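Student: I would like the entire structure built from these sequences, with the hints used as guidance.
Protein chains in written order, with the numbering used here: chain Z, 1 to 60; chain G, 1 to 290.
No lab work stands behind these hints, which were simulated from the structure alone. Since the structure is predicted, the reported quantities are computational estimates derived from the model, not experimental observations. Treat the hints loosely; a few may be bogus.
[Said to hold, decoys possible] Under 10 Å between C-beta atoms, here's a sample of chain G residues computed to sit facing chain Z:
| hint | residue |
| --- | --- |
| 1 | C5 |
| 2 | E12 |
| 3 | E43 |
| 4 | S57 |
| 5 | G72 |
| 6 | P129 |
| 7 | N250 |
| 8 | E254 |
[Claimed, not checked] Derived CB-CB ranges, DEER-like:
| hint | chain 1 | residue 1 | chain 2 | residue 2 | range |
| --- | --- | --- | --- | --- | --- |
| 9 | G | G44 | Z | E8 | 24 to 32 Å |
| 10 | G | E155 | Z | M53 | 19 to 27 Å |
| 11 | G | V107 | Z | V3 | 49 to 57 Å |
Positions of the beta carbon are idealized from the N, C-alpha and C atoms, including for glycine.
Take a look at the letters that make up each chain.
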Amino acid sequence: MSVATITECPVCAGDVEVAGDVIVGELLDCGDCGAELEVRALSPELRLDEAPMAAEDWGE
Amino acid sequence: MVLVCTGIRAEEKLLLGAFEKRDAPLRIADDREIGGNLGSWPEGLPRADVVLLRSKSHWRNVVLARWLAHLGVRTVNAPEVLETCGDKIRTTLALHAAGVPAAPASVAFTPQGGARAGEALGFPLVVKPAIGSWGRLVGRVNDADALETVLEHKEALGGAPHAVPYLQPYYELGGRDLRSFVVGDRCVAAIARSSTHWRTNTALGASASAFEVDDALASVSEAAARAVGGGVVAVDLFETDDGYVVNEVNGTMEFRNSVDTTGVDIPGLVADWVVTGAGRAAGVDSEAAP
Chain Z
1 MSVATITECP VCAGDVEVAG DVIVGELLDC GDCGAELEVR ALSPELRLDE APMAAEDWGE
Chain G
1 MVLVCTGIRA EEKLLLGAFE KRDAPLRIAD DREIGGNLGS WPEGLPRADV VLLRSKSHWR
61 NVVLARWLAH LGVRTVNAPE VLETCGDKIR TTLALHAAGV PAAPASVAFT PQGGARAGEA
121 LGFPLVVKPA IGSWGRLVGR VNDADALETV LEHKEALGGA PHAVPYLQPY YELGGRDLRS
181 FVVGDRCVAA IARSSTHWRT NTALGASASA FEVDDALASV SEAAARAVGG GVVAVDLFET
241 DDGYVVNEVN GTMEFRNSVD TTGVDIPGLV ADWVVTGAGR AAGVDSEAAP
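Tutor: So this is what it looks like as structure tokens:
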């Protein structure tokens, strides 16, 4: 992918703009519902999943 | 070199770019794909002589750090640093051992013990899980009745991470605290975190602004970093009438809000330190690892 793509949020079905330089594993936020999304695949087509919920030992 | 993470956040993307610029590209390993027999190299992890551990999970970082140390592989941060920073009790003890000014903290093994600790600290106070971050389940407690309720709930519902409550006095700081960034034992930048809420975690929406690193802040920050074992850490501090006091030290620091804010290329400095310091010091032939 070299140009930004609009795809569907798997949570709210809103439009999510995905940058052209996105990589697998990258985390994005849906501007409509605020869900954290994860890029799971770039091909054969761009696939976003909802990112895992924060667990108790997550943090810095 | 490999970067282990749980999805790629802004920090990981900045680090990937910084290492790429230095002709030391990082391979990415998703911690959800890693596992296997502890007697051999972790499945799902590319061979490497330096591994940057940036899982979101404290336990995954600690387990991988210990596993890789057993295999003779250098990790950033080192296992003992991750273990100490990830546990507020161990952090406080390390700061005390090194003589670093630290926010007072008490622990208790029962709600009754917690009540006594609370009376000794005075109210309001703050109750935290010893392991946890982003301000999660951190509570300001204004009186003994509320403390009793919180501690009884922790005992009944909290599970292992809440078995030993960690209590600190509440500092009235006008809704702001400081965070400094230490890379390789040098304090490179600092921010002030401000919020209308008493919790000043940027994960909870606090805003960040640049804060000048004066000699005192650098000295305390660097001493705190050394106390936990050094490496790449972020130090949370309070400004008190008695000077800077360390609240926590973070072993897998987040800095997305601090690069533009401070004008300091934090990921670049991390990459420089890893490539010229930890990387060179690793001294482990990846082919020789089991």
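Student: A separate judgement is required for each hint: does it hold in the structure or not?
Tutor: Each hint, compared with the structure:
1. C5: holds (7 Å)
2. E12: Hint holds; E12 (chain G) Cβ to chain Z Cβ min 8 Å, cut 10 Å.
3. E43: Violated, about 18 Å.
4. S57: holds (5 Å)
5. G72: violated (26 Å)
6. P129: Holds, because the Cβ-Cβ distance from P129 (chain G) to chain Z comes to roughly 8 Å (cut-off 10 Å).
7. N250: holds (4 Å)
8. E254: holds (5 Å)
9. G:G44 / Z:E8: 24 to 32 Å: With a Cβ separation near 30 Å, G44 (chain G) and E8 (chain Z) satisfy 24 to 32 Å, so the hint holds.
10. G:E155 / Z:M53: 19 to 27 Å: Distance hint for E155 (chain G), M53 (chain Z) holds at roughly 25 Å.
11. G:V107 / Z:V3: 49 to 57 Å: holds (55 Å)
When held up to the earlier numbered hints, the structure conflicts with 3 and 5 and fits the remainder.
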